[in-house]
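Peer 1: This is what each chain is made of:
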Amino acid sequence: MISVKNLNKSFNGKSVLNDISVTFETGKTNLIIGRSGSGKTVLLKSIVGLHEVDSGEIWFEDTLFNKLDFKDRKDIRSEMGMLFQGSALFDSLTAEQNVRFPLDMFTDKSPEEKNERVNFCLNRVNIINANKLFPAELSGGMKKRVAIARAISLNPKYLFCDEPNSGLDPITAILIDELIKELTEEYSMTTIVNTHDMNSVMEIGEKIIFISDGIKCWEGNKNEILHSDCGTLNDFVFANSLAKKLRTTNK
Amino acid sequence: MQIGLYFLLLKKVFSKPEKPSIYYRQTIKEFVYLGLNSIGILSIISFFMGAVITLQTAYNMENPIYPTYLIGLGCRDSIILEFSSTVAALILAGKVGSNIASEIGTMRVTEQIDALEIMGVNSASYLILPKIIATLIFNPILTLICIIVGIFGGWIAGTLSGVITSENFIYGIQYAFIPYYITYSLIKTVFFAFIITSVSAFQGYYVDGGSLEVGQASTKAVVYSSVVILLFNVILTQLLLS
Ligand SMILES: Nc1ncnc2c1ncn2[C@@H]1O[C@H](COP(=O)(O)OP(=O)(O)OP(=O)(O)O)[C@@H](O)[C@H]1O
Ligand SMILES: [Mg+2]
Numbered sequence: 001m002i003s004v005k006n007l008n009k010s011f012n013g014k015s016v017l018n019d020i021s022v023t024f025e026t027g028k029t030n031l032i033i034g035r036s037g038s039g040k041t042v043l044l045k046s047i048v049g050l051h052e053v054d055s056g057e058i059w060f061e062d063t064l065f066n067k068l069d070f071k072d073r074k075d076i077r078s079e080m081g082m083l084f085q086g087s088a089l090f091d092s093l094t095a096e097q098n099v100r101f102p103l104d105m106f107t108d109k110s111p112e113e114k115n116e117r118v119n120f121c122l123n124r125v126n127i128i129n130a131n132k133l134f135p136a137e138l139s140g141g142m143k144k145r146v147a148i149a150r151a152i153s154l155n156p157k158y159l160f161c162d163e164p165n166s167g168l169d170p171i172t173a174i175l176i177d178e179l180i181k182e183l184t185e186e187y188s189m190t191t192i193v194n195t196h197d198m199n200s201v202m203e204i205g206e207k208i209i210f211i212s213d214g215i216k217c218w219e220g221n222k223n224e225i226l227h228s229d230c231g232t233l234n235d236f237v238f239a240n241s242l243a244k245k246l247r248t249t250n251k
Numbered sequence: 001m002q003i004g005l006y007f008l009l010l011k012k013v014f015s016k017p018e019k020p021s022i023y024y025r026q027t028i029k030e031f032v033y034l035g036l037n038s039i040g041i042l043s044i045i046s047f048f049m050g051a052v053i054t055l056q057t058a059y060n061m062e063n064p065i066y067p068t069y070l071i072g073l074g075c076r077d078s079i080i081l082e083f084s085s086t087v088a089a090l091i092l093a094g095k096v097g098s099n100i101a102s103e104i105g106t107m108r109v110t111e112q113i114d115a116l117e118i119m120g121v122n123s124a125s126y127l128i129l130p131k132i133i134a135t136l137i138f139n140p141i142l143t144l145i146c147i148i149v150g151i152f153g154g155w156i157a158g159t160l161s162g163v164i165t166s167e168n169f170i171y172g173i174q175y176a177f178i179p180y181y182i183t184y185s186l187i188k189t190v191f192f193a194f195i196i197t198s199v200s201a202f203q204g205y206y207v208d209g210g211s212l213e214v215g216q217a218s219t220k221a222v223v224y225s226s227v228v229i230l231l232f233n234v235i236l237t238q239l240l241l242s
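In order, the protein sequence lines correspond to chains A and B.
Under our numbering, the residue at position 228 of the first sequence is numbered 228, and the numbers go up by one with no gaps.
Under our numbering, the residue at position 112 of the second sequence is numbered 112, and the numbers go up by one with no gaps.
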């Protein structure tokens, strides 16, 4: 479980997150949704400590994470996996070496055990025959999947995904959503996913928060989201024409 | 403000590595990448600098009362004292410095540094320490190569153009030889290596933005490390030769 309490964050005096409080639950896929520029990435990066917050508390179970120094954070970080918006694979390493990197750095496994784990993770995300390719030689969707494999290689307790399926075709996008959901349940991780894709929301949204201009406007699940009375959320949910039609026929 | 940040970064770089074996592997990679790959360009430049210095010395001392072996001596001392350390360092600032800044800067803007941090890796140390160690060890070797190739270039140019005989040149490069000059040159090189690597890495590590900023950081890396090298050249010369 991860709890955020009264979190504020600004850049050069410009407020980006405004008094956000929310609890993300274990074993569930928690979604942060909102329009481009609403502050999703900043919120996620603040939670994991890549941005220092101005005020507020971030709890990982019973540990007040944002007050720890670099050394003490390491223990919790070793249980985190993160998928970045741009994949962030290491350019100089092959797909396989990218997945192996955390194992080399933080475990004392034998080379055979590491190989086995690497292959397992790559299989899990359906990367086949691309183990020896460099990130520059992979397609966008493959990069995302290798990045997921790297994020789960150490069996993390916490998984963070920043727009895991942006820029992918609808079928691959759903595959990646399902993969994240399955992994979350299989290993009962606390997963937080940023997205602005309504398909993902309806597919995997067990717990959803909606932020607009850095303010949390709404919280609920995928069944409730279609019937909220929050105006900005409705604009967001019913932005595409298909959803609009559905809504008018339902009325 | 920048200088404070620079020293904070150095502190992070020199904290205890999490896994020495991985650092060792990275350092070997950097030997090849930053060291071996610089031998070619430095050898070519050294050769021609040695040649030009010899010819210029020869044509500037037409007066027959000076013995010609002084040409060899002039070539030797110019190469050892200034060229092999300072000029070579300026060339390396251009080649290695811009390379380091753009590599680390790209990792910053593509979130690869964030990815390291999130795993709990000390990104500053992991990315920068192997480069510093590799250049501190390898650059003195480059300096020695520059000295040898530079003097060889002088010998070739001097004998082929006929301004000096082979015997006189060889006598000249041994005449009144002060071994300490080589030590002086090597000490300067070690300082310059540290300046190039740390200043360039600093520029790359704190890039904020996109590819445009990475380009600017790599230019700044070359400019700042060159200026600092020239400044330290004066200071070190005063300390070591006075
Ligand atoms: N490092 C930074 N420095 C200054 N401002 C920033 C920084 N990072 C983000 N911002 C600002 O914070 C706001 C929120 O950005 P954020 O990246 O969180 O948006 P987002 O919701 O993730 O959008 P998208 O869906 O496009 O990824 C934006 O207005 C952005 O300009
Ligand atoms: Mg974002």
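Just so you know, these hints were derived from the structure itself, not from any lab.
A few of these clues could be false.
Below, in silico cross-link-like pairs of lysine-lysine (BS3-like), each with a Cα-Cα straight-line distance of 25 Å or less [unchecked claim]:
| hint | chain 1 | residue 1 | chain 2 | residue 2 |
| --- | --- | --- | --- | --- |
| 1 | A | K71 | B | K220 |
| 2 | A | K74 | B | K220 |
| 3 | A | K45 | B | K12 |
| 4 | A | K114 | B | K12 |
| 5 | A | K109 | B | K16 |
| 6 | B | K95 | A | K71 |
| 7 | A | K74 | B | K16 |
| 8 | A | K74 | B | K11 |
| 9 | B | K11 | A | K109 |
| 10 | B | K19 | A | K71 |
| 11 | A | K67 | B | K12 |
| 12 | A | K114 | B | K19 |
| 13 | A | K157 | B | K19 |
| 14 | B | K16 | A | K71 |
| 15 | B | K29 | A | K132 |
| 16 | B | K29 | B | K16 |
| 17 | B | K12 | A | K74 |
| 18 | B | K16 | A | K67 |
| 19 | A | K71 | A | K45 |
| 20 | A | K109 | B | K29 |
Okay, the calculated bits of chain B under chain A, using three or more residues with CB under 8 Å as the criterion [said to hold, decoys possible]:
| hint | stretch |
| --- | --- |
| 21 | 16-27 |
| 22 | 104-115 |
| 23 | 119-125 |
Glycine is no exception: its CB is placed at the ideal position from the N, C-alpha and C atoms.
Peer 1: Look at each hint and say if it fits the structure.
Peer 2: We went through each hint and held it up to the structure:
{"no.": "1", "hint": "A:K71 - B:K220", "in the structure": "32 Å, violated"}
{"no.": "2", "hint": "A:K74 - B:K220", "in the structure": "33 Å, violated"}
{"no.": "3", "hint": "A:K45 - B:K12", "in the structure": "21 Å, holds"}
{"no.": "4", "hint": "A:K114 - B:K12", "in the structure": "29 Å, violated"}
{"no.": "5", "hint": "A:K109 - B:K16", "in the structure": "22 Å, holds"}
{"no.": "6", "hint": "B:K95 - A:K71", "in the structure": "35 Å, violated"}
{"no.": "7", "hint": "A:K74 - B:K16", "in the structure": "14 Å, holds"}
{"no.": "8", "hint": "A:K74 - B:K11", "in the structure": "18 Å, holds"}
{"no.": "9", "hint": "B:K11 - A:K109", "in the structure": "31 Å, violated"}
{"no.": "10", "hint": "B:K19 - A:K71", "in the structure": "15 Å, holds"}
{"no.": "11", "hint": "A:K67 - B:K12", "in the structure": "19 Å, holds"}
{"no.": "12", "hint": "A:K114 - B:K19", "in the structure": "16 Å, holds"}
{"no.": "13", "hint": "A:K157 - B:K19", "in the structure": "23 Å, holds"}
{"no.": "14", "hint": "B:K16 - A:K71", "in the structure": "11 Å, holds"}
{"no.": "15", "hint": "B:K29 - A:K132", "in the structure": "19 Å, holds"}
{"no.": "16", "hint": "B:K29 - B:K16", "in the structure": "20 Å, holds"}
{"no.": "17", "hint": "B:K12 - A:K74", "in the structure": "15 Å, holds"}
{"no.": "18", "hint": "B:K16 - A:K67", "in the structure": "22 Å, holds"}
{"no.": "19", "hint": "A:K71 - A:K45", "in the structure": "18 Å, holds"}
{"no.": "20", "hint": "A:K109 - B:K29", "in the structure": "23 Å, holds"}
{"no.": "21", "hint": "16-27", "in the structure": "holds (count 3)"}
{"no.": "22", "hint": "104-115", "in the structure": "holds (count 7)"}
{"no.": "23", "hint": "119-125", "in the structure": "holds (count 4)"}
Hints 1, 2, 4, 6, 9 from the list above are not met by this structure, while the remaining hints are.
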